[in-house]
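Chains as they are written, first to last, in the numbering used here: chain A, 177 to 529; chain B, 6 to 582.
Honestly, the hints are just simulated from the structure, not real lab data.
This structure is a prediction, so every number in the text was calculated from the model and none was measured.
Worth double-checking, as some hints may not be accurate.
As the list claims (entries may be wrong) - Taking lysine-lysine and the BS3-like style, the derived pairs with C-alpha atoms no more than 30 Å apart in a straight line are:
#, chain 1, residue 1, chain 2, residue 2
1, A, LYS224, B, LYS69
2, B, LYS497, B, LYS541
3, A, LYS439, A, LYS529
4, A, LYS270, A, LYS285
5, B, LYS197, A, LYS529
6, B, LYS160, A, LYS285
7, A, LYS270, A, LYS258
8, A, LYS224, B, LYS525
9, B, LYS197, A, LYS445
10, B, LYS540, B, LYS525
11, B, LYS218, A, LYS285
12, B, LYS214, B, LYS160
13, A, LYS529, A, LYS224
14, B, LYS197, B, LYS263
15, B, LYS540, A, LYS439
16, B, LYS540, A, LYS445
17, B, LYS69, A, LYS445
18, A, LYS338, A, LYS224
19, A, LYS224, B, LYS160
20, A, LYS285, B, LYS525
21, B, LYS197, A, LYS285
22, A, LYS445, B, LYS263
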Amino acid sequence: MITPSQTTVKPLIKIRRQRMLPQAGEVIVSQGQQVSPVQVVARTSQQKGFTVIPAAELLGVPVEEVPAYLLVEEGTAIQRKKPLLRKSGLFNSKQFTSPVNGILYEVSKGRLILQQTPDLFELRAMLPGRVYSVRSGWGVVIETTGTLIQAVWGSGREGYGKIRVVTDDREQPIQEQHIDADVRGAILVAGYLDQRQVLEKAAANSVRGIIVGSVPAVMAPLLPNYRFPILVTEGFAGQPMAPTIFRLLQQSEERQASLFGNKEATQEKRPEIIVSLPAGEGVEDVQQTAPALEAGQQVRILRAPYAGEVGEVVTVHPYSRNSTIGLRLPGADVSLADGQVVFVPYPNLDLIK
Amino acid sequence: MSEIDSAPTDHSSFLVADCGKSVTTVALFDAVDGMCRLVARAAAPTTVGAPWSNIIVGIQQALKQISEVTGRILLSEHGELIMPARTTGAGVDHFGATISAAPPLRTVIAGLLQDVSVASARHALHTIYADEIHTFSLADNLTEQERINALLEAKPELILLTGGTDGGDRGRLRELAETIEVGINLLNGSQKTHVVFAGNRAMREEVTKLLEKSAAYQVADNVRPTLETEQLATTIDILGDLYQSLKIENLPGVDDVKAWSPYPLLPTARAFSGIIDYFAALYEGNVVGLDLGSDSLSYAISGPQQQRLLVRTDLGVGAPLPNLLNEVEPGEIVKWMPVEITSSQVYSFIQDKALHPYTVPMTEKELYLEQTLARLLLRTVHNEALVSWHWPALPPLEMLLVRGTTLVNAPRPGQTVLTVLDALQPTGIFSVAIDKYGVLPALGWLALHEPLATVQALEGGALVDLGWVIAPAGQAEPGKLALKIVVDSERKGNLELDVTSGELEVLPLAPGEEAQLTLKPARNFDIGFGPGHGKKVTVYGGDVGLIIDARGRPLQLPQDETARRSLLRQWHWDMGG
């Protein structure tokens, strides 16, 4: 049995997604409740860090004497510029104020540890659906139905907006002329991205996200700097968008989509595009299995000279055979769009399921 | 009568699983004509992640494949391993597992001098699967507050605190320990952070008093008792145990695996270094092992004088590949390519390969590129090993053992030999073998528990011999004599050969075929017995043959691009294309 890598590209499927806080907090929705993408489902206070004041050193006193000069008690709220320490002498006195808002967390070995007032972190649903389950203090699983497309790389951000396909076909790049006030709030789809100016213009026009087949590898480190998510469906080698994905996004034109741009993507947590749709009869349930390679399946080829091409498995070869360069591996004969049938080793096949 | 009810056999069979990040390989060893042999192996995806979240599922899938191929039933109807083996042929007597599927241990190294205590701490840390996520030293110029906040952000599982020679500086080490104490008190949630103190022995009592309540605390010998000496043994042992308890023991499904085996689960890198130790003892010489994986790179050397292991979890041919660019410039990679390519193409390829880490090349150009990247990954770790172990050069070798898909699945075996020769540039007379079937960790496990079975399995061909290499050290003008060789073999008779400086020669010598060599190096070349000193040696053939590498050390590449690519292509052709 050969189990190749897999990419989910489904027009209509039941989807469950976890929305969890980075640290424990409070869940503010309940099981079964309908949520909208912008709705806050959980919140927590996010630590901003600690400030250390070397009190003994500043006062010029032994470590054990520091508490005698404290003007506030441990655990007390403090405000910026409020006095914390005072040492009065015969001829002069020293006073030190708090550099931050927060609490005096601890007095430890002559130091004052101040905990800065944490920020409120609100976790939004980011997709419309029903709260399927609640993990108390941490977050929820949201269930919805709709289109699900897995990407291969994301810039690390999340977004929500209307899909707008800006190129006529999957092999064209997104260009500056595609972006104007008309695309404000939209998620733009194009074959590939190769110009940084496009990103600047997208940012200036409040674009909510970009989905492309590929970006140049040198550009990838810059993408997390943009406030909207950028998702790549194929890779960094100049590939156009896979036809199946491009077609499905075309069919989703003007529909609301959620982008999850996980940067440290693993097979279990890949970046993805979810277009919520009304549930119909017989919607396929969440898939948990990794299907084996079989004739008739649609596959994407991951390496040159066929990188990015999508074809159909004609024959599976479960035992090793020679590739064109002499590598011996199991694989499959794949029929490409131009009718050519080529043998592809299984590690280079990505099953589109 | 079910398989489980039938009687046990009177010989031992062994099933060893190696659970990697992406692939679980299972090897079955059993008696064939009274000798232990590798009888079957199978691989299945590792199932630590969703949707399975149980490591044993991948093992069971691989076992089912073995059953399909051999007809031998290994699992009961309920998916339990049938143990011991039955007279019907079902089941197996012993089960063991080696594991590299667990994530690396998130570690902060804290020490004083970068080149002294911090370097030694790093040497110890690089013997396990660990990520060095932050480093504190005198050179970092961080304030106490910055260090505390860095600790809080890094959320380490382990802090390895070193610093100070025995009886040396106390003040700065005290400050560092106090900062760590404040940091971990703020960090500690439901579980305490682990701290291993391996610094100035004179500070042991004070640091222990400071940290033992806040941390899950252990003490090791000072890794740097003097500026000139390094003692890592106790730290390495503690780190190994921590990796075991914090990472391996927490893998989903690990209890199910342990229920099958009375033996402790072994990190794959340990099993790998174990088999290298085994070969070193067998040959009474130095043996180097290279394991170039997708997510890590292990480099082991063992011999009469030393047993060393270096594991890098930030280097590999898969997802960590972009980290190679922190070590070498794309231009250096271009320099080793026998075909034209730009730095930007190299950069794009590396980033794209990291997205699709398990893919394989389908064009000659990408094949060359993957082998070039393998060469530079190995070279990077080799150079680090030499520095870490304070060696001016690699000592004379008896054997080089190679593992990892990129290397062992090369279309032509000569490409594997050329890659490792270019990377390590070893000298002397040694053999090269590859782990074609992915069973070296299993053999390492077996060597620990059944050494005799290991000998028999190796005699039965568990590894693939590529041949012997004669690589004289030295330099001379191209075309000048480097080495005179007389090859005497039963099948081919007598052959005399003059090898000139710069040449790479391969003489056909089939696997298992024996040949007597009379070697006489030129005055400025050394094959391990002193410049100009020769010797008679017995060598054996392999899939490549007898390789004479008279290119000199270090290897010199022409400055001119065309000449350089032409020379690299020549070397490929010399090694069989």
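Taking the numbered hints from earlier one at a time, note which ones the structure violates and give those numbers from smallest to largest. Numbers 1, 5, 8, 13, 15, 16, 18 and 20 - these are the hints that the structure violates, sorted from lowest upward.
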